[in-house]
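Throw the hints in and build the complete structure from the sequences for me.
Here is what each chain is made of, one letter per residue.
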Amino acid sequence: MGRMWDKFGQYVHARIFPIFVVCLFLCGVWYAFAVYLNAPQILDRFEREQTSYTTTDLITSTWAMERPVLPSPHQIFYEIYRGTVLVKPTSKRSLILHGWITLAPTLLGLLIGTTLGMLLAVGIVYVRTLEGSLLPWIIASQTVPILAIAPIIIVVLGSIDLVGVFPKSVIAMYLCFFPVTIGMVKGLRSCEPLHMDLMRTYAASPWQILLKLRLPASMPYLVASMKVAAAAAVVGTIVGELPTGAREGLGARMLVGSYYGQTIQIWAALFLAAALAAVLVVAVEVIGRWLPTSPAKTRA
Amino acid sequence: MSSNSSSGHIVVDSLSLTFRAKDHDVHALSDINLTIKPGEFVSLIGPSGCGKTTLLRVIADLQEPSSGHLTIDGQTPQEARENHRYGFVFQAAALYPWRTIEKNVTLPLELMGMDRKEQRKRAKENLELVGLADFHKKYPWQLSGGMQQRASIARALSFQPGLLLMDEPFGALDEITRDRLNMHLLDLWRQTGKTVVFVTHSIPEAVFLSSRIVVMSPRPGRIIDVIDTNLPADRTLEIREDPAFTAVAQKVRNGLKHGHSDESL
Numbered sequence: 001m002g003r004m005w006d007k008f009g010q011y012v013h014a015r016i017f018p019i020f021v022v023c024l025f026l027c028g029v030w031y032a033f034a035v036y037l038n039a040p041q042i043l044d045r046f047e048r049e050q051t052s053y054t055t056t057d058l059i060t061s062t063w064a065m066e067r068p069v070l071p072s073p074h075q076i077f078y079e080i081y082r083g084t085v086l087v088k089p090t091s092k093r094s095l096i097l098h099g100w101i102t103l104a105p106t107l108l109g110l111l112i113g114t115t116l117g118m119l120l121a122v123g124i125v126y127v128r129t130l131e132g133s134l135l136p137w138i139i140a141s142q143t144v145p146i147l148a149i150a151p152i153i154i155v156v157l158g159s160i161d162l163v164g165v166f167p168k169s170v171i172a173m174y175l176c177f178f179p180v181t182i183g184m185v186k187g188l189r190s191c192e193p194l195h196m197d198l199m200r201t202y203a204a205s206p207w208q209i210l211l212k213l214r215l216p217a218s219m220p221y222l223v224a225s226m227k228v229a230a231a232a233a234v235v236g237t238i239v240g241e242l243p244t245g246a247r248e249g250l251g252a253r254m255l256v257g258s259y260y261g262q263t264i265q266i267w268a269a270l271f272l273a274a275a276l277a278a279v280l281v282v283a284v285e286v287i288g289r290w291l292p293t294s295p296a297k298t299r300a
Numbered sequence: 001m002s003s004n005s006s007s008g009h010i011v012v013d014s015l016s017l018t019f020r021a022k023d024h025d026v027h028a029l030s031d032i033n034l035t036i037k038p039g040e041f042v043s044l045i046g047p048s049g050c051g052k053t054t055l056l057r058v059i060a061d062l063q064e065p066s067s068g069h070l071t072i073d074g075q076t077p078q079e080a081r082e083n084h085r086y087g088f089v090f091q092a093a094a095l096y097p098w099r100t101i102e103k104n105v106t107l108p109l110e111l112m113g114m115d116r117k118e119q120r121k122r123a124k125e126n127l128e129l130v131g132l133a134d135f136h137k138k139y140p141w142q143l144s145g146g147m148q149q150r151a152s153i154a155r156a157l158s159f160q161p162g163l164l165l166m167d168e169p170f171g172a173l174d175e176i177t178r179d180r181l182n183m184h185l186l187d188l189w190r191q192t193g194k195t196v197v198f199v200t201h202s203i204p205e206a207v208f209l210s211s212r213i214v215v216m217s218p219r220p221g222r223i224i225d226v227i228d229t230n231l232p233a234d235r236t237l238e239i240r241e242d243p244a245f246t247a248v249a250q251k252v253r254n255g256l257k258h259g260h261s262d263e264s265l
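Residue numbers (the working numbering), protein chains in the order written: chain A, 1 to 300; chain B, 1 to 265.
It cannot be assumed that every hint is accurate.
Derived lysine to aspartate or glutamate pairs resembling DMTMM-like cross-links, with alpha carbons at most 25 Å apart [unchecked claim]: (1) B:Lys251 x B:Asp179; (2) A:Lys212 x B:Asp179; (3) B:Lys103 x A:Glu192; (4) A:Lys212 x B:Glu125; (5) B:Lys138 x A:Asp197.
Taking beta-carbon pairs under 8 Å as the criterion, some of the chain A residues facing chain B (in silico) [stated by the list, open to error]: (6) Asp197; (7) Leu198; (8) Thr201; (9) Gln262.
Derived CB-CB ranges, DEER-like [as the list claims (entries may be wrong)]: (10) B:Thr246 x A:Val127: 57 to 63 Å; (11) B:Gly131 x A:Val127: 26 to 32 Å; (12) B:Gly131 x A:Glu285: 21 to 27 Å; (13) B:Gly49 x A:Met4: 54 to 60 Å; (14) A:Glu285 x B:Gly193: 48 to 54 Å; (15) B:Gly131 x A:Asp197: 23 to 29 Å; (16) A:Leu211 x B:Gly49: 35 to 41 Å; (17) B:His184 x A:Ala274: 54 to 60 Å; (18) B:Gly113 x A:Thr115: 25 to 31 Å; (19) B:Glu128 x A:Pro136: 54 to 60 Å; (20) A:Ser205 x B:Gly193: 28 to 34 Å; (21) A:Ser205 x B:Lys121: 22 to 28 Å.
Please keep in mind that the hints were generated in silico from the structure rather than gathered at the bench. The beta carbon of each residue, even a glycine, is placed where N, CA and C say it ideally should be.
Following this line, the structure appears as structure tokens:
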């Protein structure tokens, strides 16, 4: 028991404490900026209403505006708290509902994107001509701004009656197949020459070499590239929600918020999207640690 | 796939291998003639660059000769490889880190499509043979270097090939471990009666293990001498103090010196 506390203490000291200090510092800077950016509006109002005020009045007012230029952290967290706890999940104002609307296409897009990325990588590694013919197009696909291509995808898929989750996951997929392809091409080629020779002495077929050697050897690369892909998938989904005039989803919350100057709402959605991406990245990492190929387990 | 004592008959006939480098050709093997009889323990010894590993890789069909002929029990190296006639033990254990020791040993059996129960049985037998029965659930990194190499020998034996090709399998190990594994390998050879082709650059190791020693020399890679050891079958490590042993070792040393003398090293 005592040792467990020691370990916990070490963990807090090594990991939590530095993060906490950085958070504290950022919050301080944030509150200062909130005062600086919101003060002109408050000063205007005080002048109009001809109220006398103290510095404390001014500062507290800048942190409690309904539509501030920069909302203060506690306003954002209260907005998230209200949206997730105080409101029923079925309500139009529930952030859990909007979060789920964004999460579903993200997960689907990540799944399709990872599968596509792996298939492309296998093709590139096994068929020599594909490396020359396919890879330039794959790279070119990522130089097109996603903001330009997203509305086209939505409209094209909409015209064949594909609406809702699927078009958004296509955009998420578009962003996340790329890191998986690049990572997996490297991963599938990462196996040691000796391990390859061994397969040859067994007269193993190319298919057997893929399943028993190349794929297991590439798992650390898959985990690393899926972490990049997971974060990109969230961005893809949110970009997919922007041009459609969607009413639901974190992207829609940001868009609607910007129409009506609801800055607190925008920031709350933004924080939630970031949290979503972080949770996905951590989930990929945790699943990756289970694999017997992970560096943690192969370390001598 | 079955083990029979009459397998491992290797005939090498005027074999040459030339690597094309940028400005000159490297004659890795030049006019090699050698016959290895079933059940023999033959060591290939020589300084680095003499082509001993290359010769072993040509036998295993991991490398193609430029000219000449090689058969294993009357088959081409490619046929022999496809028929799983030999097991190869590399310089490093080359165990797959994501597989347990047992799963590493069953890898070739898996590839051959053997039934699972039989796979497990074979793994158990062969791990017992190399003294690793209790470690079947461990991962390679949990084992010492010597144990890893023993596991790789169990893997090479798992599909019961008549021929064992070993490329400096104990070269990376410390001397104490190496001595123990030499003892172990000798026992194994006596028990199974397999043909072994063993690459090494250690004279005591070659003399201790082999029934015949092939001395090679570099530039071009060629055979200088073939020496019969004629040491008693039940030899132990103590035989290294024996005059008969030192005499053979001296012969090998002279052979190696002779190979070097033409280039005034």
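Cross-check of the supplied hints:
A threshold of 25 Å between alpha carbons decides the hint, and for lysine 251 of chain B with aspartate 179 of chain B the separation of about 22 Å falls inside it, so the pair holds. Restraint check for lysine 212 of chain A and aspartate 179 of chain B: the C-alpha separation of about 34 Å exceeds 25 Å, so the hint is violated. Between lysine 103 of chain B and glutamate 192 of chain A the CA atoms are separated by roughly 18 Å; this keeps the pair inside 25 Å, and the hint holds. Taken as a hint, the lysine 212 of chain A and glutamate 125 of chain B pair is honoured in the structure, with Cα atoms around 23 Å apart against an allowance of 25 Å.
Of the pairs offered as hints, the one joining lysine 138 of chain B and aspartate 197 of chain A holds, with about 24 Å between alpha carbons and a cut-off of 25 Å not exceeded. Below 8 Å, beta-carbon pairs count as interface contacts, and aspartate 197 of chain A has one with chain B at about 6 Å; its hint therefore holds. For leucine 198 of chain A, the suggested interface contact is upheld, since its CB lies about 5 Å from the closest CB of chain B, less than 8 Å. This hint holds: threonine 201 of chain A has a C-beta 4 Å from the nearest C-beta of chain B, less than the 8 Å allowed.
For glutamine 262 of chain A, the suggested interface contact is broken, since its CB lies about 51 Å from the closest CB of chain B, more than 8 Å. At roughly 59 Å, the beta carbons of threonine 246 of chain B and valine 127 of chain A sit within the given window of 57 to 63 Å. A hinted range of 26 to 32 Å for the beta carbons of glycine 131 of chain B and valine 127 of chain A is inconsistent with their spacing of about 45 Å. With their beta carbons about 39 Å apart, glycine 131 of chain B and glutamate 285 of chain A fall outside the hinted range of 21 to 27 Å.
At roughly 58 Å, the beta carbons of glycine 49 of chain B and methionine 4 of chain A sit within the given window of 54 to 60 Å. In this structure the hint that glutamate 285 of chain A and glycine 193 of chain B lie 48 to 54 Å apart at CB holds, the actual value being about 52 Å. A hinted range of 23 to 29 Å for the beta carbons of glycine 131 of chain B and aspartate 197 of chain A is consistent with their spacing of about 26 Å. Between leucine 211 of chain A and glycine 49 of chain B the C-beta distance comes to about 37 Å, which sits within the given range of 35 to 41 Å.
At about 59 Å, the CB distance of histidine 184 of chain B to alanine 274 of chain A agrees with the hint of 54 to 60 Å. Glycine 113 of chain B and threonine 115 of chain A have their C-beta atoms about 27 Å apart, which keeps the hinted 25 to 31 Å range intact. Hint check: glutamate 128 of chain B to proline 136 of chain A, Cβ distance near 55 Å, so the stated range 54 to 60 Å holds. Judged by the Cβ atoms, the range 28 to 34 Å given for serine 205 of chain A and glycine 193 of chain B holds: they are separated by roughly 32 Å.
Remark: the range hint 22 to 28 Å for serine 205 of chain A to lysine 121 of chain B is upheld by a beta-carbon distance near 25 Å.
The structure shown violates the earlier hints numbered 2, 9, 11 and 12.
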